[in-house]
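*Asks:* Listed here are the chains, written in short residue letters.
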Amino acid sequence: EPEVTQTPSHQVTQMGQEVILRCVPISNHLYFYWYRQILGQKVEFLVSFYNNEISEKSEIFDDQFSVERPDGSNFTLKIRSTKLEDSAMYFCASSSGSGNTIYFGEGSWLTVV
Amino acid sequence: DAKTTQPTSMDCAEGRAANLPCNHSTISGNEYVYWYRQIHSQGPQYIIHGLKNNETNEMASLIITEDRKSSTLILPHATLRDTAVYYCIVRGGYNKLIFGAGTRLAVHP
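Sequence lines, in order, name chains U and V. Under this note's numbering, the first residue of the first sequence is numbered 34, with each subsequent residue one higher. Under this note's numbering, the first residue of the second sequence is numbered 7, with each subsequent residue one higher.
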């Protein structure tokens, strides 16, 4: 069964450092998402991406965050200067159409120290 | 998207059916009911969705009331591996998923 894959599974970084989280969406999917989940809290929407541009973003997704689809397969989330409060599990997701089922990856656990 | 209300937690004996309720009284005509689950801290896993008809797949059944104001997810024979947080989400056709707190289902031997 096709799946969304994410790397790394766990990353520890120092405050102020840049982090890039990588995702390979399901191959025929066109809509891409990033969500995050701080430990013990809800899964929160960050951003959606379609046709090489952001289609929607939440208040969490400020200037420190950016997304990119650098080639035909990868979808990345960059945090420019990490803060302690960025420590969370980050989930990538994709769907084949804007109203179609969204499938999630297993997540990248980011720890900022 | 309409809000949903789910019990905070539920218990179920292994091998029995788990019936997880969800209220969505403000749902509008073009909004779907989606169910996902999250096992420990893994990624949310899609289970099933429906608009107004009952749906069944290999994982579960979804029963939606005629007025669409509530629904029930049924896991017909719960196993220990079904222990998870279950999310009921109402979604407009083109919208992102918005997760609530969900129901923490504990399946015990």
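Mixed in with the good hints, there may be bad ones.
[Said to hold, decoys possible] Below, a list of computed lysine-lysine pairs in the DSS-like style, where the Cα atoms sit at most 30 Å apart: (1) V:75 <-> V:9; (2) U:75 <-> V:9; (3) V:58 <-> U:111; (4) U:111 <-> V:75; (5) V:75 <-> V:58; (6) U:111 <-> U:90; (7) U:75 <-> V:75; (8) U:90 <-> V:9.
Please keep in mind that the hints were generated in silico from the structure rather than gathered at the bench.
*Asks:* Hints first: check each against the structure and report whether it holds.
*Replies:* Cross-check of the supplied hints:
| no. | hint | in the structure |
| --- | --- | --- |
| 1 | V:75 <-> V:9 | holds (11 Å) |
| 2 | U:75 <-> V:9 | holds (15 Å) |
| 3 | V:58 <-> U:111 | violated (40 Å) |
| 4 | U:111 <-> V:75 | violated (40 Å) |
| 5 | V:75 <-> V:58 | holds (10 Å) |
| 6 | U:111 <-> U:90 | holds (14 Å) |
| 7 | U:75 <-> V:75 | holds (23 Å) |
| 8 | U:90 <-> V:9 | holds (20 Å) |
Violated hints for the displayed structure, listed by number in ascending order: 3 and 4.
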